[in-house]
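Peer 1: Sequence:
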Amino acid sequence: YSSVVDQAFGGAAYILIEAFNDSDCKTVVDATAFQASGSCSQVIMYVDYWGFATYAIAKEEGGSVSIRYYNDSTCSLPLLESVTLLDGIDTQDVDIDQATLNSASCDENNLRRTHATGSSGSGTSSSSSSSTTTPSGSSNTGLIAGAAAGIAVVFFLMLGAFWCVCRSKRKASSDAVYHAQGNYSQDNGTSSLTVTAQGGGTLGQAGLWTDDVITAKRISRRDVHIGKLLSRGAFGEVYSGTFDGSRVAVKMLPPETRGAIPNVNAFLSEAKMTATMDHPRIISLIGVAWNSLSDLCVVMEFMEGGDLRALLDRYQTAQHPVGIDHEKATIALHVCHALTYLHSLMPQVIHRDLKSRNILLTETMEAKITDFGISRERLDQTMTAGVGTSLWMAPEVMMGERYDDKADMFSFGVVLSELDAHALPYAQAKEKNRDSDGRKLPDTILLQQVAMGRLRVEFSESTPQSIVDLGLACVSVDPKMRPTAAEALYRLQVVL
Numbered sequence: 005y006s007s008v009v010d011q012a013f014g015g016a017a018y019i020l021i022e023a024f025n026d027s028d029c030k031t032v033v034d035a036t037a038f039q040a041s042g043s044c045s046q047v048i049m050y051v052d053y054w055g056f057a058t059y060a061i062a063k064e065e066g067g068s069v070s071i072r073y074y075n076d077s078t079c080s081l082p083l084l085e086s087v088t089l090l091d092g093i094d095t096q097d098v099d100i101d102q103a104t105l106n107s108a109s110c111d112e113n114n115l116r117r118t119h120a121t122g123s124s125g126s127g128t129s130s131s132s133s134s135s136t137t138t139p140s141g142s143s144n145t146g147l148i149a150g151a152a153a154g155i156a157v158v159f160f161l162m163l164g165a166f167w168c169v170c171r172s173k174r175k176a177s178s179d180a181v182y183h184a185q186g187n188y189s190q191d192n193g194t195s196s197l198t199v200t201a202q203g204g205g206t207l208g209q210a211g212l213w214t215d216d217v218i219t220a221k222r223i224s225r226r227d228v229h230i231g232k233l234l235s236r237g238a239f240g241e242v243y244s245g246t247f248d249g250s251r252v253a254v255k256m257l258p259p260e261t262r263g264a265i266p267n268v269n270a271f272l273s274e275a276k277m278t279a280t281m282d283h284p285r286i287i288s289l290i291g292v293a294w295n296s297l298s299d300l301c302v303v304m305e306f307m308e309g310g311d312l313r314a315l316l317d318r319y320q321t322a323q324h325p326v327g328i329d330h331e332k333a334t335i336a337l338h339v340c341h342a343l344t345y346l347h348s349l350m351p352q353v354i355h356r357d358l359k360s361r362n363i364l365l366t367e368t369m370e371a372k373i374t375d376f377g378i379s380r381e382r383l384d385q386t387m388t389a390g391v392g393t394s395l396w397m398a399p400e401v402m403m404g405e406r407y408d409d410k411a412d413m414f415s416f417g418v419v420l421s422e423l424d425a426h427a428l429p430y431a432q433a434k435e436k437n438r439d440s441d442g443r444k445l446p447d448t449i450l451l452q453q454v455a456m457g458r459l460r461v462e463f464s465e466s467t468p469q470s471i472v473d474l475g476l477a478c479v480s481v482d483p484k485m486r487p488t489a490a491e492a493l494y495r496l497q498v499v500l
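In the numbering used here, the protein residues as written are 5 to 500.
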């Protein structure tokens, strides 16, 4: 396992965390690693309910090490909750004394933490010995299988921070809590799709219930009739329904989150943002209705064609010809229209979660974008540096760096590759890079290769070269090399 992590992290130092199902550290349950890059970085997760966070590892007096988790991109706002990363491994803040670090023994939670300097240095731990076995009894060389299985639920951190956060910075973090709670967008001259309380501070009991935009969009709850469930996720449930004689989509909070004011305010924040959008390529909000917290619902226009990902899955099953034809190029054009509109607003709006699931279609294959991700941001308050689904994220967002509208353009380039091949992003790379046991390339290693520019999406020979060139330009590692939405729109119009 250590050799695989060494390769994934390019020989850099890291903290290895192993979970065992016994106190004598004999049977491995799961494992993950945190690279030591020297700066506060994101924990890249694929846990729908939680989302994203940051962490920092700091060297304390006496040689001990602390691991702290945060809600913001500067490691100032503590996470203050424990969230499962892998089986037996969570985000619990921890202090590890020098005697325990690199010890062959487990702690009281059956965890073993090891500092390894990587293949480029010396002093790697010998704690991962051949006597360690997986539940099936295999040697430690098979540990990567357990880690890869855990990665199917969560992407462990690719680029971490080590010896980077001094004690004085953490002491000052309490002063930044209230500011961070009031604004979750980066100070980069743009506004994200995060709607926050003006003037700082979180929304209180009144929250957005009395907001002018929400009040103007309020409709009678008894006139909203809910039909069958269309989809369910950690952030909401979507039903078919009717309102004023027309078919609509009705979005509601999951039952377990409806009673919490912060969740309700986050839900209304997404509705408010959608209500302020006025463009034919963005899903329209019809109204917001409630009699109580338990029946709050957001009524949206209904899209008969479903989402783009579902269409591409059907294409893949039916072996529909690959390549971007006129119909697919038109879908891409519609998405570009929406992005051009968002990026032209003052202040500029960045979607930050563009992917095929968030592109909806009419019966005639007209596309509109949806799901601004606000509820996910505010429900867990972790997406300070960026929102996104990892396979679509731009490298700068993935690494917790400053970003702008070009982050959306990277995601758009990935969507173009989906339109071309019908498969999920980087599916071909996973197939080509199987290990000796036939396992696909873990997403964590794949994403590191993307961030380093060693891997990018591919296009088939059936796609016009002009669109291939556009797609590859969009996924440039350097944001400056990517076209703007307006430039991409023009290039697609020329093709069509």
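Do not rely on the hints blindly, as some may be mistaken.
[Claimed, not checked] Listed next, the in silico DMTMM-like pairs over lysine to aspartate or glutamate satisfying Cα-Cα at most 20 Å (straight line): (1) 484 - 400; (2) 436 - 482; (3) 30 - 111; (4) 232 - 282; (5) 484 - 408; (6) 444 - 462; (7) 484 - 405; (8) 276 - 241; (9) 232 - 111; (10) 436 - 400; (11) 276 - 215; (12) 276 - 305; (13) 276 - 216; (14) 232 - 248; (15) 484 - 473.
[What the hints assert, rightly or not] Pairwise CB distance ranges (calculated): (16) 351 - 441: 27 to 37 Å; (17) 82 - 500: 45 to 55 Å; (18) 441 - 65: 39 to 49 Å; (19) 490 - 288: 20 to 30 Å; (20) 351 - 105: 26 to 36 Å; (21) 266 - 109: 38 to 48 Å; (22) 295 - 68: 47 to 57 Å.
It should be emphasised that the hints constitute simulated quantities derived from the structure, not laboratory data. Ideal placement from N, C-alpha and C gives every residue a C-beta, glycine not left out.
Peer 1: Against the structure shown, which of the earlier numbered hints fail to hold, in ascending order?
Peer 2: Result: hints 2, 4, 9, 10, 16 and 20 break, sorted rising.
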